[in-house]
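*Asks:* Chain H is already provided as a structure; the job is to place chain S on it using the hints.
Protein chains: 2
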Amino acid sequence: MEDKPGNVSIEQERFQLRRLEISDKKKGFIELLQQLTVCESVSDKDFEERYQELAKHGDEHVICVIEDRHGGKIVASGSVFIEKKFIRNCGKVGHIEDVVVDSSIRGMQLGKKIVGFLTDHACSMGCYKVILDCSLENKPFYEKCGYKQKEVQMVKYFI
Amino acid sequence: MEDKPGNVSIEQERFQLRRLEISDKKKGFIELLQQLTVCESVSDKDFEERYQELAKHGDEHVICVIEDRHGGKIVASGSVFIEKKFIRNCGKVGHIEDVVVDSSIRGMQLGKKIVGFLTDHACSMGCYKVILDCSLENKPFYEKCGYKQKEVQMVKYFI
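Top to bottom, those sequences are chains H and S. When we follow full-length UniProt numbering, the leftmost residue of the first sequence carries the number 1, and every step to the right adds one. When we follow full-length UniProt numbering, the leftmost residue of the second sequence carries the number 1, and every step to the right adds one.
A couple of the hints might just be wrong.
Within a straight-line C-alpha distance of at most 16 Å, the following computed EDC-like cross-link-like pairs (lysine to aspartate or glutamate) qualify [stated by the list, open to error]:
hint: 1; chain 1: H; residue 1: Lys56; chain 2: S; residue 2: Glu60
hint: 2; chain 1: H; residue 1: Lys150; chain 2: S; residue 2: Glu97
hint: 3; chain 1: S; residue 1: Lys150; chain 2: H; residue 2: Glu151
If you're looking for bench data, these hints aren't it; they were derived computationally from the structure.
The following block holds chain H by itself, in its conformation from the complex (with noise of 0.2 Å):
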């Protein structure tokens, strides 16, 4: 569905982009992350020390999530974190990670604004640079957020 000026307005009021909370761990969080990649239920206790953990990082590490409030649910998702370098004068490189939008929900342009979100936030704390890594499936989609595809992403895993 594109976004029609009709449309603006009603999808801004049902959509609302914002940092993740403790509470939106009631509101399907880790289910929406279950349809990215293996991810477990978690413990309301793992979850809140995960999140505080997270949040003394404060602006360089940012998990951001849509919520749908026809139901309330979690349905997009994505993180940021900012690296701190000493190449390119002491410079910056923003990471995106575990980006999803809820499969029945797709279409509505959320990966979109998800990833638009991060891409900002990378810019706004001075990254020289934002990277991602994709499946050649998705690539079509970054490359319409306005990314290139450059090097190749290797993986060791250990489990």
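*Replies:* This is chain S only, laid out in the frame that chain H set:
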């Protein structure tokens, strides 16, 4: 040059792998990074500030170097930082960045030692995987280090 039994002790004496120290700026650390990418000269003040910022992260952001005791120069370096997630049972992922070996001293397996150290560190920190981005040209090197290609890296530059 392959590691041969007779060379090991001599090499171990010559090449010392350790964490970055503030005094490494005087040992050519920035000049080494200049072989990797754009890296303007950094003032002592800026270097120390960034060093201290990174030090705050403790074991969650480690830069290692190899010093060549013949001449007291830094001849190899690489970094790894630990990202905390909610997925994978509140798992962690290691991100390896900025691996570089002095062009005058390649073929001594120093790159492999750097990647091995950073990979082991990510493992010891409880990461379920470690990832990095590289050019297609460098892919065979990382395959020798036990890595496999998985996804593609996308980038957006701000400057």
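*Asks:* Now tell me, hint by hint, if it's right for this structure.
*Replies:* Structure-based check of all given hints:
Straight-line distance between C-alpha atoms of Lys56 of chain H and Glu60 of chain S comes to about 13 Å, which keeps the hinted pair within the 16 Å bound. A hinted pair counts as satisfied when its Cα atoms are at most 16 Å apart, and Lys150 of chain H with Glu97 of chain S qualifies at roughly 15 Å. This hinted pair checks out: Lys150 of chain S and Glu151 of chain H have alpha carbons roughly 11 Å apart, not beyond 16 Å.
Violated hints for the displayed structure: none, as all numbered hints are satisfied.
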